[in-house]
Amino acid sequence: MEPTLMRHKPFCDIKNLHVSFHGRTVLQKVNLTLSDSGILVLVGSSGSGKTTFLRSLNRLNEHYSGYSGGGKIELKLSGSMQDIHCPDLEVTELRRQVGMVFQTPNVLPVSIAQNINLPLKLVTGLDKAEREGRLIEVLQEVHLWDEVKDRLKENSARLSGGQQQRLCLARVLALKPKVLLLDEPTASLDFKASHKIEDLLIELQDRYQIIAVSHSLRQARKIAGQILVMKEGQIEHLLKKDQFENPEMLQKLLEDIF
Amino acid sequence: MEAFLQYATVFSALIVLILFGFLTYFTLPLFAEGQFAELFSLHWRPFHGEFGILPMISGTLALAISALLIAYPLGLGICLFVHGLGPRWLARPTLLLVHGMTGIPTVVYGFVAVFLLVPLLRNNFSHGSGFSLLAAALTLSILILPTIILLINSQLEHIVPKLRLTTTALGISRIHELTRISLPAASYGLLSAAILGFGRAVGDTLIALMVAGNAAQIPEFAFDSIRTLTAHIALVVATDSQSTTYHSLFACGLILFLTTASVNLLLHRIKHRTCRETDCE
Numbered sequence: 001m002e003p004t005l006m007r008h009k010p011f012c013d014i015k016n017l018h019v020s021f022h023g024r025t026v027l028q029k030v031n032l033t034l035s036d037s038g039i040l041v042l043v044g045s046s047g048s049g050k051t052t053f054l055r056s057l058n059r060l061n062e063h064y065s066g067y068s069g070g071g072k073i074e075l076k077l078s079g080s081m082q083d084i085h086c087p088d089l090e091v092t093e094l095r096r097q098v099g100m101v102f103q104t105p106n107v108l109p110v111s112i113a114q115n116i117n118l119p120l121k122l123v124t125g126l127d128k129a130e131r132e133g134r135l136i137e138v139l140q141e142v143h144l145w146d147e148v149k150d151r152l153k154e155n156s157a158r159l160s161g162g163q164q165q166r167l168c169l170a171r172v173l174a175l176k177p178k179v180l181l182l183d184e185p186t187a188s189l190d191f192k193a194s195h196k197i198e199d200l201l202i203e204l205q206d207r208y209q210i211i212a213v214s215h216s217l218r219q220a221r222k223i224a225g226q227i228l229v230m231k232e233g234q235i236e237h238l239l240k241k242d243q244f245e246n247p248e249m250l251q252k253l254l255e256d257i258f
Numbered sequence: 001m002e003a004f005l006q007y008a009t010v011f012s013a014l015i016v017l018i019l020f021g022f023l024t025y026f027t028l029p030l031f032a033e034g035q036f037a038e039l040f041s042l043h044w045r046p047f048h049g050e051f052g053i054l055p056m057i058s059g060t061l062a063l064a065i066s067a068l069l070i071a072y073p074l075g076l077g078i079c080l081f082v083h084g085l086g087p088r089w090l091a092r093p094t095l096l097l098v099h100g101m102t103g104i105p106t107v108v109y110g111f112v113a114v115f116l117l118v119p120l121l122r123n124n125f126s127h128g129s130g131f132s133l134l135a136a137a138l139t140l141s142i143l144i145l146p147t148i149i150l151l152i153n154s155q156l157e158h159i160v161p162k163l164r165l166t167t168t169a170l171g172i173s174r175i176h177e178l179t180r181i182s183l184p185a186a187s188y189g190l191l192s193a194a195i196l197g198f199g200r201a202v203g204d205t206l207i208a209l210m211v212a213g214n215a216a217q218i219p220e221f222a223f224d225s226i227r228t229l230t231a232h233i234a235l236v237v238a239t240d241s242q243s244t245t246y247h248s249l250f251a252c253g254l255i256l257f258l259t260t261a262s263v264n265l266l267l268h269r270i271k272h273r274t275c276r277e278t279d280c281e
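Chain order of the listed sequences is U and G.
If you use my numbering, the first sequence closes out at 258, no skipped numbers anywhere.
If you use my numbering, the second sequence closes out at 281, no skipped numbers anywhere.
Simulated from the structure, these hints should not be mistaken for laboratory data.
Note that beta-carbon positions come from the ideal geometry of N, C-alpha and C, so glycine has one too.
Misleading hints may appear alongside valid ones.
To be verified - Derived lysine-lysine pairs resembling DSBU-like cross-links, with alpha carbons at most 35 Å apart:
1. K271/G with K176/U
2. K15/U with K271/G
3. K271/G with K149/U
4. K121/U with K271/G
5. K72/U with K162/G
6. K271/G with K178/U
7. K162/G with K222/U
8. K178/U with K162/G
9. K15/U with K162/G
10. K240/U with K252/U
11. K9/U with K162/G
12. K153/U with K271/G
13. K162/G with K29/U
To be verified - To give an idea of the chain G side of the interface with chain U (calculated C-beta under 10 Å), a few residues:
14. L163
15. T168
16. L170
17. G171
18. I172
19. A185
20. A194
21. R269
22. K271
23. H272
24. R273
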């Protein structure tokens, strides 16, 4: 099947995507056109290829050994649809525009400020004044500014898990991405910190195209504009908002699928 | 078992203390006889009653520093090569080779240098016999190279894999990641490699003895023949075992002992400080 949702303009067009590692197929025959309808949440049992799908979009799968794959992915970057494998598009530039936040917070072993400053400097080459402005802007955007403004020079490892995750998000936002990929961003956080991140993502959804993997149906229902159900390396369903607003309905639908 | 370990610890500590006492005790007559100033004179002419060990001290320093200057950048480069600047498939063989180098006896390096490097220097540069500071520094740099590489590598091994996915996903290039993030985070490894490399270079005897030429003079030039403290002790012990000549050796020993001890203390302090700054265990 080839689910399409044309409520707004498409931002992602995937044709015949397939990925395998060391000869073992992880994704196969993925054909999909996604339109901008709020946060897209990927659900599915473990091993269904959610993370690999996510990593296809910033070509991060190629970083792992044993990777082989093919297909065509077009993403809406800087106004127009672009083939992400096009040789004109540097992979580092693609990854700047398609930012990613991981399951466990992965702060760099430097200070809080440097966590944002250093990648910003290395990737965009902005000057110091501009970087400082951007630092404050993104820390405010993830509601971390008030908590860290007096300790920017402290080692980032001293922050709590939730704060670290928001710092990681801020670090990605500082690079002005078009698309945000989130791989179970709250998996390692407690209930309260998870809620903060969820509320934050809902706030950010108008500014960035967000695609998140989630292991929690509660979370998926809360933040998703559309839900993509994956099974055994394939797209099983693309659910619209009205199909999962009712929790029992969603539960039943997923039970039917799995 | 615990008691045994405690005894072993006390025993080891005692040996070091005894060694220090022994060296000091035998150096003392030099102080008593007022020959201490002579010790730090520029000339080693035992038959004229001149026992200056300054040429040996300067020889040792010149050799250790030049060996480090050659080996350190090379070692750092190899570490960066292994951790992502070179092709992935070459990383393991390179490290295996370096590990293999640690097992090669020093005398082999000395031997190869005497038969290959020294004639090469002699024939291509018309300065002396080829047995020189340069020849010894080149050979010694090969000897201390694995120490430097393995120390830096052992820390990068902990740091790089954790960072690589993050930096790759952020669009940071490999070279930027290594030079701007990984290496600064590995500052303890970088410093300890330099200090331990220097310590090894100071302590090595055989290469200096075989390749450096052993002339007791202050080195002024890369092709000068030099004598190190270690080689000096070996040479004098082989020919003499009494008189002030003999006593001056204990001063050499004491200097070497104190150098090594300072190297280790320095290392300990750096580790302590780095850990406090970076919250490591």
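Hints the structure fails to honour: Checked against the structure, the hints that fail are numbers 1, 2, 6, 11, 20, 21, 22, 23, 24, while the rest are satisfied.
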